[in-house]
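Number of protein chains: 2
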Amino acid sequence: MPYYIGDVIRDDKRLVARTPEKFRESGIDVRLQTRVDDIDADEQVVRLSDGTILAYDILVFGTGTTPFVPAIPGIDLEGVFVLKKLSDALHIKSYLKEKQCRKALIVGAGFIGMEMTEALRGLGIETQIVHRGTVPVNRWDPELSSVILEELSRREVPFLTRMEIQSIERGRDYHLRLNTNKGELEADLILLALGIRPDVTLAREVGLTIGRTGAIQVNFSQQTSREGIYAVGDCCEAFHRVSKKWVHVPLGDIANKQGRVAGRNISGRPMTFPGIVGAQSFGIFNLELAATGINEREAVESGFHPVSSITWGNALAGPMPNQKKVGLKLMADRSTGRLLGAQAVGETGVVSRINTLSVALWSGLGIDEIGYLDLAYAPPFGGAWDVIHIAAQALMRKM
Amino acid sequence: MPYYIGDVIRDDKRLVARTPEKFRESGIDVRLQTRVDDIDADEQVVRLSDGTILAYDILVFGTGTTPFVPAIPGIDLEGVFVLKKLSDALHIKSYLKEKQCRKALIVGAGFIGMEMTEALRGLGIETQIVHRGTVPVNRWDPELSSVILEELSRREVPFLTRMEIQSIERGRDYHLRLNTNKGELEADLILLALGIRPDVTLAREVGLTIGRTGAIQVNFSQQTSREGIYAVGDCCEAFHRVSKKWVHVPLGDIANKQGRVAGRNISGRPMTFPGIVGAQSFGIFNLELAATGINEREAVESGFHPVSSITWGNALAGPMPNQKKVGLKLMADRSTGRLLGAQAVGETGVVSRINTLSVALWSGLGIDEIGYLDLAYAPPFGGAWDVIHIAAQALMRKM
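In the order they appear, the protein sequences are chains A and B.
Residues in the first sequence are numbered consecutively from 0, following numbering that gives the first Met the number 0.
Residues in the second sequence are numbered consecutively from 0, following numbering that gives the first Met the number 0.
Think of the hints as simulated: they come from the structure by calculation, not from any bench.
Values in this document were obtained by computation on a predicted structure and should not be read as measured data.
Distance condition first, Cα-Cα at most 25 Å in a straight line; then the derived DMTMM-like pairs of lysine to aspartate or glutamate:
1. Lys323(B) with Glu114(A)
2. Lys181(B) with Glu155(B)
3. Lys323(B) with Glu117(A)
4. Lys243(A) with Asp367(B)
5. Lys244(B) with Asp367(A)
Given the sequences, and given the hints that come with them, work out the whole structure.
Okay, here's the thing in structure tokens:
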């Protein structure tokens, strides 16, 4: 009988409603709020924290990630949260209500920090972002990510830069006080959004090989270094089709695909995971940000010869009303002419362009071809020369 | 000195403002409202209708298309229009105002008919569509294009099917009357949007080879069958990368690209046009429609073995508010597994998906790879499994 051991089934109402009993009827033993304390891979048994021992033929690691929490005083105070699991979200929601929170501090300026800023601001809560660096979301180059700063200021969200957090204590005017290198800040809620690490504690204990990224090493069938043990999702690596390296990109869509690949192989219908190109996106207020491929640093590390250029174009055809700007940065390899990466920001049409370019990366297209790609032109959706064409031609002229 | 001979420069305010005199200063002799009566390709001269004779080394055909106008009585009455040139649009605009038009008939249900329906309805003019067939825009299969019928009925635009137009005369209650196989209809304006034919009159006279599509035959450098004569845009053919046939797809973005390819070759910087995949789109009211690749009939004609499937998915991630449906039809070749074509309809995210799939077609991707493409996932822009993935996997199961 297959076992599923975990925290919750998933944050989908229909699935949560399907109780463990229901799953057992269909032959799946689901154990929620259950911890695995120990795995004996030689004996092929798992020991749960309640002492139960379960035997297995095939074991799948889907241990995900652990949020990074700095070891500063006061980190355990009520009102200090991370956002990793469904239960975290539920706790934040009930805390906001109970304490009638008026003000929140977001520590960190990655995806979670940005998305939670929008969510809290949407509830009418005064929100500030406390960031170690100077611009948010370092997956994007500052020329593009700085557009977020304008949007934050329009939404009255202060973005405090070069901040080092030192300790948390009870506050005077609000529930909590955050002490930093630049003085104290008070708020009712502090969200720590400082990034995540692959959760490989159990994997190390079993002796699975850990890749140079710190995540579990897998092959194209999602098999780990030990026979009969698979790994999928945020706890393991994935093959990057552009850098040709095994990388750790913990995103939900990749996890879903790897899960299905492992499932197919386990059930005897062979399948390989074709890898990723690093496509990602998020929205904050009216902005879309999306990126794909590798960045300049990764390109140089991989031995490519990156040349890049930024184009500010139109999301729609020139004369359309409600015109929106799109900033698109393309990077290609000077020696082969191949696209290496793309980043974009704007109010609309951003994810659309990056998805189009993701397939170009997937297929290894050259920047010359990208300048003449056949795209579905109509004035409400883009120009006869789309911003993709214009950006590719601008980059070609630099090469 | 390069000559440009034509009707207008283009419908871009900045360019029209650059008068022929301005062009002459930069060494380009622009002659507007000028007709070429005759070309002597042996002598390499062009004779204008005013008798002027211009010599050339290189000649470029950009003669575009002619709208199809049926030979029925009353076709020349005031208030009967086609929409091909900027001047047509200006005439329609001033006629609408002068005659205080209350009602319009659109004859034909292609791109122009659909876009003009939205434009006229937007002006508060009662609008009816008179169509020979039963569903609009035959580039899309009826399962998808029938969604337009719901949108038209929501906008109170009657869509009259299986109509044969017989004659036009002066009306009683409105300026004009259209007599059809199903009785008479009255309106102040009748727009004929019955399709276009490549304008190859002059090309035939010069003896240029005309392709089997009826458009001027060109090679990858946009050269015609006669040395020194190029052709670009809607009057000539383009290479289809999926069917590997030379086709006639008269769209503005293709014309733009061909123009630039010809210009590069003429100016001694060699370039070839990489061809098209048939990407196209239009909007009508709240709907987006887009398609790419070839359709079932073209696939069979080309010797492929098409299998297709339609998926109705979400434009955004499952739990998002304001969810919109996207209908996506994919078709692949049973023998090779390669994608052959895609069509989509919905309120948002349609052109985006078709552009992504256009690059997949451009690169010759198989449907198995399309089911696992790495796209930029975030809930506001799509699910972890995008409708593209779901549709590709549904199609894989049928193959």
